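Undergrad: Hey, can you work out the whole structure from these sequences and the hints?
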Amino acid sequence: MKLKQPIKKIIAKLERSLLIKIGLGFAALFVILLVLALIFGSKRKPANVAPTPTPKVIPTEEISRPSLYATDAAILEIESRIKDIDQKLQEVDLKETALNPPVLDFEIKF
Amino acid sequence: MFSFLAGIIIAAGAFEQSYQNYTFNYDQYRQSHRDYVITRQAYLSYLTLTAKSEAQNKTLLLLEERDETLKSYLAALKDKINESEGLSTQEKAGYTSQLENEIIWYEDHHNRLPSAGTLEDLVDSSNEVREHYRNTEILMYQVLTAVLSGKENFWRNRVIDQVLAIKSNLARIKQEGGKDIDKVERWVLEAENRITRSQEKQQKANEKMAEMNNSSNRNEIYNQSQFALTESHQYLKEANSYLRELIREIKTAD
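Each protein sequence line maps, in turn, to chains A and B. Residue numbering for the first sequence follows the working numbering, beginning at 1 and increasing consecutively. Residue numbering for the second sequence follows the working numbering, beginning at 1 and increasing consecutively.
Careful: at least some of the hints might be erroneous.
Here are some of the chain B residues that sit facing chain A, going by a computed Cβ distance under 10 Å [stated by the list, open to error]:
hint, residue
1, 61
2, 87
3, 126
4, 140
5, 161
Note that these hints are calculated values from the structure, not bench results. Since the structure is predicted, the reported quantities are computational estimates derived from the model, not experimental observations. The C-beta atom is built at its ideal place from N, Cα and C for all residues, glycine as well.
TA: Structure (structure tokens):
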């Protein structure tokens with residue numbers, strides 16, 4: 001019976017040292033993982049996050065200091081026609097490539 | 001007004017139809033050309049009577065399709081010029097007449113093809129077209145340039161109309177004394193300068209086309225003419241852009 005006490009103490013000592021070793025092992029593993037995450041984590045591609053829609057900045061033609069003619073009907077009418085022409089000028093096809101002459105072989109010989 | 005619009009719509013419909021007809025014939029020609037190349041090679045390789053007969057048949061078909069392609073292309077050009085804006089009735093009539101003469105020429109050539117008895121006759125017949133095509137090609141490019149020039153004329157006149165309208169209103173504003181218009185009047189001159197540059201570039205495009213009669217590189221001359229028209233158009237866009245700024249200035253207090 002007297003022998004059980006020292007054995008118990010030894011077992012307790014062993015268990016304690018084992019626990020300490022296990023604990024230190026986990027701690028070391030944690031530190032290693034942390035270091036790896038810091039080194040390689042920054043090279044990861046950023047997550048594919050859908051961008052939030054950026055508000056389109058449309059330049060307004062609002063005039064900060066309107067003159068007497070800012071609302072003049074004749075001026076506004078001309079302005080409207082000029083804007084329409086502006087748009088149409090961008091669309092004019094000055095190549096008409098579909099109408100290029102056909103490529104034909106005139107060198108028929110034997 | 002209604003009959004004018006109806007005329008444009010009908011003309012546009014005619015062009016669509018004739019263009020489809022042209023693309024169909026062009027496809028047929030390309031197929032015929034492939035067959036011609038194969039049978040020609042076979043004949044030159046084997047020199048048999050059978051190969052020669054086959055080559056003759058395919059060459060005849062090729063020449064027929066070539067004539068049809070040219071006829072339908074010229075017909076499409078004719079319909080295109082008739083629907084084009086910015087050209088006078090006389091100009092359109094002039095080009096239409098020339099195109100019709102060409103179409104008749106190729107129709108006549110097409111009708112004579114079956115009478116070619118030998119392969120050599122067909123080669124001669126083809127060479128006849130080769131010689132004539134020089135004039136046809138010049139006409140084609142002239143018509144194409146006219147179509148593009150017509151567009152430029154149309155839009156330039158629209159811009160000029162706005163310049164005139166602005167000037168008329170500036171006279172009114174000056175009379176009313178509601179705004180200092182010195183700056184605006186200078187800007188009108190700038191816009192008019194741009195319009196003048198546009199006209200000059202278009203003139204250059206037309207002068208370039210005149211060189212075509214004495215050159216064998218007609219496609220290159222056409223491309224250069226087209227480039228000048230593109231430059232003309234750029235000046236026109238700038239002129240219109242100036243007018244937009246000008247209007248904004250009128251609407252802004254001094």
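Undergrad: Determine for every hint whether it applies to the structure shown.
TA: Against the structure, the hints come out as follows:
1. 61: Since the shortest Cβ distance to chain A is 12 Å, the answer is violated.
2. 87: violated (14 Å)
3. 126: Nearest chain A Cβ about 4 Å off; hint holds.
4. 140: This hint holds: residue 140 of chain B lies near chain A, its Cβ roughly 5 Å from the closest one there, short of 10 Å.
5. 161: holds (8 Å)
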